[in-house]
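Enquirer: Residue strings, one per chain:
There are 2 protein chains.
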Amino acid sequence: MSEELNRSRPEARALTDSTLHHVVIVGAGFGGLAVAHGLAGAPVRITMIDQRNHHLFQPLLYQVGTATLATSEIAWPIRHLLRKRKEVTTLLAVVSGVDPVQQAVLLEDGASVPFDTLVLATGARHAYFGHDEWETYAPGLKTLEDATSIRRRILLSLERAERETDPQRRAARLTFVIVGGGPTGVELAGSIAELTHQNLAEDFRRIDTRKVRVLLIEAGPRILPSFTADLSAYAHAALERLGVEIQLGVPVSDCNDKGVVYGSHSIAADVILWAAGVRASPAAAWLGQAGDGAGRVKVEPDLTVPGAANIFVIGDTASVNAWKGKPIPGIAPAAKQQGVHVARTIKKRLQGDAAPRPFRYKNSGNLATIGKRSAVIDFGWIKMRGRLAWWVWGLAHIYFLIGLRNRLAVALSWLWIYTTGNRSACLITQVDHRPKSG
Amino acid sequence: MSEELNRSRPEARALTDSTLHHVVIVGAGFGGLAVAHGLAGAPVRITMIDQRNHHLFQPLLYQVGTATLATSEIAWPIRHLLRKRKEVTTLLAVVSGVDPVQQAVLLEDGASVPFDTLVLATGARHAYFGHDEWETYAPGLKTLEDATSIRRRILLSLERAERETDPQRRAARLTFVIVGGGPTGVELAGSIAELTHQNLAEDFRRIDTRKVRVLLIEAGPRILPSFTADLSAYAHAALERLGVEIQLGVPVSDCNDKGVVYGSHSIAADVILWAAGVRASPAAAWLGQAGDGAGRVKVEPDLTVPGAANIFVIGDTASVNAWKGKPIPGIAPAAKQQGVHVARTIKKRLQGDAAPRPFRYKNSGNLATIGKRSAVIDFGWIKMRGRLAWWVWGLAHIYFLIGLRNRLAVALSWLWIYTTGNRSACLITQVDHRPKSG
Chain C
1 MSEELNRSRP EARALTDSTL HHVVIVGAGF GGLAVAHGLA GAPVRITMID
51 QRNHHLFQPL LYQVGTATLA TSEIAWPIRH LLRKRKEVTT LLAVVSGVDP
101 VQQAVLLEDG ASVPFDTLVL ATGARHAYFG HDEWETYAPG LKTLEDATSI
151 RRRILLSLER AERETDPQRR AARLTFVIVG GGPTGVELAG SIAELTHQNL
201 AEDFRRIDTR KVRVLLIEAG PRILPSFTAD LSAYAHAALE RLGVEIQLGV
251 PVSDCNDKGV VYGSHSIAAD VILWAAGVRA SPAAAWLGQA GDGAGRVKVE
301 PDLTVPGAAN IFVIGDTASV NAWKGKPIPG IAPAAKQQGV HVARTIKKRL
351 QGDAAPRPFR YKNSGNLATI GKRSAVIDFG WIKMRGRLAW WVWGLAHIYF
401 LIGLRNRLAV ALSWLWIYTT GNRSACLITQ VDHRPKSG
Chain P
1 MSEELNRSRP EARALTDSTL HHVVIVGAGF GGLAVAHGLA GAPVRITMID
51 QRNHHLFQPL LYQVGTATLA TSEIAWPIRH LLRKRKEVTT LLAVVSGVDP
101 VQQAVLLEDG ASVPFDTLVL ATGARHAYFG HDEWETYAPG LKTLEDATSI
151 RRRILLSLER AERETDPQRR AARLTFVIVG GGPTGVELAG SIAELTHQNL
201 AEDFRRIDTR KVRVLLIEAG PRILPSFTAD LSAYAHAALE RLGVEIQLGV
251 PVSDCNDKGV VYGSHSIAAD VILWAAGVRA SPAAAWLGQA GDGAGRVKVE
301 PDLTVPGAAN IFVIGDTASV NAWKGKPIPG IAPAAKQQGV HVARTIKKRL
351 QGDAAPRPFR YKNSGNLATI GKRSAVIDFG WIKMRGRLAW WVWGLAHIYF
401 LIGLRNRLAV ALSWLWIYTT GNRSACLITQ VDHRPKSG
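In order, the protein sequences belong to chains C and P.
Note that the first sequence covers residues 1 to 438 in the working numbering.
Note that the second sequence covers residues 1 to 438 in the working numbering.
Just chain C, same shape as in the assembly:
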């Protein structure tokens, strides 16, 4: 298809000379973009396919969900990021499969894109351990739409509470449950506690948002299980100081329109947020694989698919045991490192060096914030916690944002909320803006 289209515009065709090795990258997240960046200057033409038009800085997505940042501060149009790379064609399209015989990516609309080398970097969605029906009541946080939808749920629940006359129903509207005590759950809980207990304290007349109940439920014995026990304990205490209730050791057994059930407890809550598990995108199915327990594609140490040396899978979609016998964590630096590795491998191969190059993960640290004053960081060689850790976290995230403009904008937003406590993005938008009756 791409050849056909190119034929109609000769100057474009020249730019993507079809005799060049064609690399198709599916997914413009941290991993996919790292492949594209790593191939700059290489004798290839590249097609970047994504079902959204923007790259998303997922580590700060929870701040859109809790009304700290605006959507455009953490998202960039993919084709704009790659506009100077004339050998890269960006397609907004939904992939439906991979044809191993024709060596082509199949698109949902019936078109297909042939490849010489394919990189699948399609990420993960949240998962409900076999209870997909919970998603309606307990949305997760992976896309911009997820974030604005969560923001709308939180703010609408407060609006409805303001107009609620029945004390029990009002209490349910003022109860926010976060399921899952990993970094996302901890960051959501801390941020919601600050939003309601501090930032919005003056905004309402009939409810007292300082009394909003924020409950974090973690099935395991401690929050932040990927951190050391002492950092985990520190985060636990810091969250409690912010007014978050933490419930450990009991898995959630039901989410419904009334609230959440765990163990023998039943909590009435209008807003339940899901941060308990992820499942890889359907790349395994495209390749005819079963995938591992989380749906990830089992790849060779060099990140290729077994039996298909010209197909790579990276990031949250790949399952590779390559770090002290443990799985590589599903974080941005890991996906980036894999993308860089794949780009190097492709360049080596084009130079005639086809020897397998096993990927080695370098621990780039583990970070989580608790509200806007505290964080825990584990770089391996050094551990930090508290206010200084928050500043390190903040500077690191601003550094990794793309473009000076967004760095300035995010720095301004944080500075503003840090000094004034006023959140700029408390907007209820999209069609569902009307309050439910009652």
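Hints in this document: simulated from the structure, not taken from any laboratory.
There could be a bad hint or two in this list.
A few chain P residues that face chain C, going by a derived Cβ cut-off under 7 Å, partial list only [claimed, not checked]:
| id | residue |
| --- | --- |
| 1 | Asn53 |
| 2 | His54 |
| 3 | His80 |
| 4 | Lys142 |
| 5 | Leu144 |
| 6 | Ile428 |
Below, a list of computed lysine-lysine pairs in the BS3-like style, where the Cα atoms sit at most 27 Å apart [said to hold, decoys possible]:
| id | chain 1 | residue 1 | chain 2 | residue 2 |
| --- | --- | --- | --- | --- |
| 7 | P | Lys84 | C | Lys372 |
| 8 | P | Lys84 | C | Lys84 |
| 9 | P | Lys84 | C | Lys211 |
| 10 | P | Lys86 | C | Lys211 |
| 11 | P | Lys372 | C | Lys84 |
| 12 | P | Lys211 | C | Lys86 |
Where is the CB? At the ideal position from N, CA and C, for every residue including glycine.
Starting from the known structure of chain C, arrange chain P on it as the hints suggest.
Expert: Coordinates of chain P only, in the frame set by chain C:
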């Protein structure tokens, strides 16, 4: 209802002492907020009702629609704006009518809010001259949702053109029609021409966005009919320099999924934007009035409803002939002036002075921008055009934005796009993000 709710929280009840005169304001636009601000310190309690949770700076809405500004830069949560005013209660609610006997505002959910004085400031929507079926194909620009929806249509049409193989269908996807040559139509046309011909010129590979056709259709003999003939002619030439085609003197006779029909012409276009007419909100129906031709409530010179001295109607919802025999223009300063006037009238009445106080409109000027380099301004005593006028326009709009943070953010966004040409907000969001097949 409000009394009932207050009973459950004694300290809130004290704040809205029910013996105080109760002013209910419906609509937190420029007019409604001006009433609330004007009543600061008066012996009243106030209920502010709006169906959205945010006040919107409508004069810059077209910049959200054309990917220059982010939504949170021009919108503020109403209850946050009024948080220091403890006598003001903000309700997110949909009004369904006014009960003149019970002297109460009726809400869609069955509740009612009694008033001593009522101010209706509910604005206007776009209108299709009896062809409401055109709205599907030619959306207008009044709300944040309208703006993000228009942005999505524009960007998706370019994405689809990039993947289109049929030359005719590709041409339709690269044709943008704006119906209506008033300030909104002129601003949309200029901004879309700059977006496609300049800002996105490097982003695509198979289409040349510099060749995008931007067509402005105005039924009257000239664009910007509310300006003087020479400013109108200047704007016409400036728009053409930006690459906008202008078609005058022929009304649009159909909008459908193929495009737009005017006179004997039929233009195939995927994106049609409507800026040709407005119709007032249903306030007239609530009051049992017929309303004028545009659905506005005919009010007395003091802005009260005939026969109901304690009900005021202001802004785009009101029809009052009070300015050199001409109707007052539907712009923000007019709504603000009316809001200030109503607040003064209410305060005078509470002091025992019930004499009618006719409203007099002071011409605060007429402004429109053509792209990001040029504008036309008519203050009455002085007329300006060109680059200097653009700077006056820009500074005036930044001045009238609410809050230092948004002034900084908008100034940063403009400075950025002015110097780099990179639009920060080119995001396709919301559920409809997938491209149509083909």
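Enquirer: Honestly, which of those hints from before does the structure not fit?
Expert: 4 and 8
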